[in-house]
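Given the sequences, and given the hints that come with them, work out the whole structure.
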Amino acid sequence: MSSGDEWCLIESDPGVFTELLESLGCEQGQLEELWSLDDETLAAHGEIFGLIFLFQWQHTGKGSTTTVKKPCLAEDQVPEGLFFAHQVTTNACATQAILSVMLNQDLELGPTLNEFKEFTASFPPSLKGVAISSSEPIRKAHNSFGRQDAFLNDGKFVSPFRQSDDVFHFVAYIPKGNTVYELDGLQEGPIVVGELENDSNGGMAQNHWLAVARKAIQGRMTGDAIKFNLMAVVKDKRIALKSHLEANPSDETAMLQLQMEEQKRSHWKLENQRRRHNYVPLGVSMLKELARMGTLKKHMDQAQERKNKRAKN
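In terms of the UniProt record's numbering, the sequence shown has 221 at position 221, counting the first letter as 1, and numbering is strictly consecutive.
Treat each hint with caution, since some may be false.
[Unchecked claim] 27 Å max Cα-Cα, derived DSS-like pairs, lysine-lysine:
hint, residue 1, residue 2
1, LYS297, LYS309
2, LYS235, LYS140
3, LYS215, LYS176
4, LYS297, LYS307
5, LYS227, LYS215
Note that these hints are calculated values from the structure, not bench results.
And the structure:
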């Protein structure tokens with residue numbers, strides 16, 4: 001694989017994933033980090049389209065680390081309209097998990113993802129995975145979150161986690177019809193987590209599927225997953241707030257909520273700019289200035305002393 005075809009590791013962060021969707025032309029999606037799976041926390045986010053679970057990957061010799069008790073669906077068992085792709089590219093699992101949620105929803109995805117969804121509709125999982133890895137817009141959006149560092153890496157991206165030996169993996173949980181699926185690109189096929197029952201009115205309550213997904217995720221949390229993170233894929237909250245304010249312009253609570261959402265977006269944008277920034281020239285300039293002032297060795301000795309003290313403790 002050439003350097004131009006590589007995919008970098010990206011940070012598991014709602015601001016990163018939300019901007020990634022926006023850069024692909026999808027302006028209706030938003031990611032929110034979940035600190036709890038209780039009903040009150042989930043209800044606060046409105047309709048949830050899918051869950052993205054990040055966990056520390058423990059190699060078992062059989063693909064993904066999880067203690068998968070339920071079998072994967074064979075290729076001829078995958079329901080029509082369910083998007084599932086094998087992961088064929090290293091480090092692509094974060095973006096692939098997001099696509100696994102968005103491409104299984106009836107949302108306005110934007111030209112790039114709409115075209116990709118239509119183009120790959122009849123592809124088998126392996127070819128869908130190849131299509132993801134070969135998509136220049138998707139790869140470019142993904143790699144935009146790799147820090148550009150010409151000084152250290154000859155112009156290639158640098159993973160923010162390159163110093164860690166830990167390996168993490170993303171999987172998605174989605175509702176489709178009356179079924180909840182786990183979509184893991186390292187598995188042979190989708191995994192049926194559970195079936196949904198209609199409510200007393202014969203319909204399907206919003207977010208009813210989360211009770212089924214919650215059991216599977218909690219099983220991972222108490223099993224092999226030592227370190228983990230969970231995010232919900234929801235609709236851009238500003239859309240509903242703006243629509244509400246058009247009909248109720250004097251609603252101060254909604255105005256405050258919209259202001260908070262806009263501030264959150266501004267914070268995400270600033271954090272993403274910092275993630276991309278190359279701080280090496282600044283560091284080099286500071287070292288040169290300390291050397292010019294004749295204090296570089298003193299600062300290095302002091303830093304070494306602090307390091308030795310921490311090592312003893």
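We went through each hint and held it up to the structure:
{"no.": "1", "hint": "LYS297 with LYS309", "result": "18 Å, holds"}
{"no.": "2", "hint": "LYS235 with LYS140", "result": "24 Å, holds"}
{"no.": "3", "hint": "LYS215 with LYS176", "result": "17 Å, holds"}
{"no.": "4", "hint": "LYS297 with LYS307", "result": "15 Å, holds"}
{"no.": "5", "hint": "LYS227 with LYS215", "result": "18 Å, holds"}
Comparing the model with each numbered hint stated earlier shows that all of them hold.
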